[in-house]
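Asker: Each chain, written out:
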Amino acid sequence: MIIGRVIGTIVSTVKDPKYKGYKLLVVQEMNIDGGYEKNSHISIDLIGAGLDEVVMVVSGAACRSSLETNDKGIDSLITAKIEKIVIGDKQIDL
Amino acid sequence: MIIGRVIGTIVSTVKDPKYKGYKLLVVQEMNIDGGYEKNSHISIDLIGAGLDEVVMVVSGAACRSSLETNDKGIDSLITAKIEKIVIGDKQIDL
Amino acid sequence: MIIGRVIGTIVSTVKDPKYKGYKLLVVQEMNIDGGYEKNSHISIDLIGAGLDEVVMVVSGAACRSSLETNDKGIDSLITAKIEKIVIGDKQIDL
Amino acid sequence: MIIGRVIGTIVSTVKDPKYKGYKLLVVQEMNIDGGYEKNSHISIDLIGAGLDEVVMVVSGAACRSSLETNDKGIDSLITAKIEKIVIGDKQIDL
Amino acid sequence: MIIGRVIGTIVSTVKDPKYKGYKLLVVQEMNIDGGYEKNSHISIDLIGAGLDEVVMVVSGAACRSSLETNDKGIDSLITAKIEKIVIGDKQIDL
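Chains as they are written, first to last, in the numbering used here: chain A, 1 to 94; chain B, 1 to 94; chain C, 1 to 94; chain D, 1 to 94; chain E, 1 to 94.
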């Protein structure tokens, strides 16, 4: 899984009806220094993540791991809010 | 999922018969500044996307998420038109 | 799916017997300018592609989309010959 | 599978309940010189890996290979501790 | 599938018991000039590959393509020895 920050949202009215009721969040990949990678993704939110929050993102077939998300056409899923990242004995500022 | 723009089409007469009836669109990956990445893919269109439209593209096993697309030999699928991308409090020009 | 050109073949006598009867082609990834990427793959050919032809290549789990290819240990499959790539109103020379 | 070193942990209280009871470890990819790649991932630990240990990490659908991990929303899994890496006739310092 | 050379082995005593009886080989990705890419992986060997041999490596879900490898937690599998790579009308030295 990767670490990312929720930086925005997507507005879409013409879409596969399977996405109905899900928020489409833009997540930017973070590295362990607290800096940002260039990569960003659209992820579906399972746990109520809000703007600017640091989250854990699952990719690929693992997104189909529940009845709720199975067969929904999802390849990126927010499954946890990250409160702390501890590298060695240092805590990263989030 | 990633953000891309439909920039072209592919013409193919000799192909796996499972693709029959689907448009094969060339999609170029976009970043959240509205700029373009070098990567482009051929995607199957599920929602009537047209040239120059900004779309959401699903990759990998998640493309098999419906009866229509299951077992069709598809690893990239356009599942939504994107009307707006909002990053923080700024709307990206599309 | 990606665009590639068939640039060569692989000779292998010691191999998983499931590959028996399939050609193992070397495909180099093409970009939409008609130039080449550094990446190349070995792909199984489903549609009779020949040397120098431009093809569409499917990756990952989608390669298991038919009785013929299911459970064959294949992660890259040529499923179409590409006759034309049209980007905007320009046709790319192939 | 890739080689990585366990460099830290993630603290998360708001998360998919399926992760309950699993440690979420931060693993940094290692290359065969013993140096580090920029990439890091969050991995679930199956074998009791500790901080600073060198491990083997499995990615993608292969993480669902046991009753324990099937349908757990996991795309990265630590499945072995690496005691030695031998390249040619040289042993890499770990 | 990709082309690689077997450059070493991994020693691991604490590991998922599913790997028991399999060799864990370090494979370095080769390009079609016969040069090497930076990427290396740990692969399970199905066909008796030895040190310095050039092999074909299958990645991802396709590794689960036999009773032997299904549900073994494997994302990289050596499935063929490569004796010759022919690019156009030139044979690559291996």
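You may find that some hints are simply not true.
Each pair may be met inside one copy or between any two copies, as identical chains are not told apart.
Said to hold, decoys possible - Subject to a maximum C-alpha distance of 25 angstroms in a straight line, what follows is the list of computed SDA-like cross-link-like pairs (lysine to any residue):
hint, residue 1, residue 2
1, K20, V86
2, K20, E37
3, K23, G88
4, K38, G50
5, K81, I10
6, K18, K90
7, K84, N39
Derived by calculation from the structure, the hints in this document are not laboratory data.
Model, not experiment: these values are computed from the prediction.
Asker: Run through the hints listed earlier and report the numbers of any the structure violates, in increasing order.
Answerer: 2, 6
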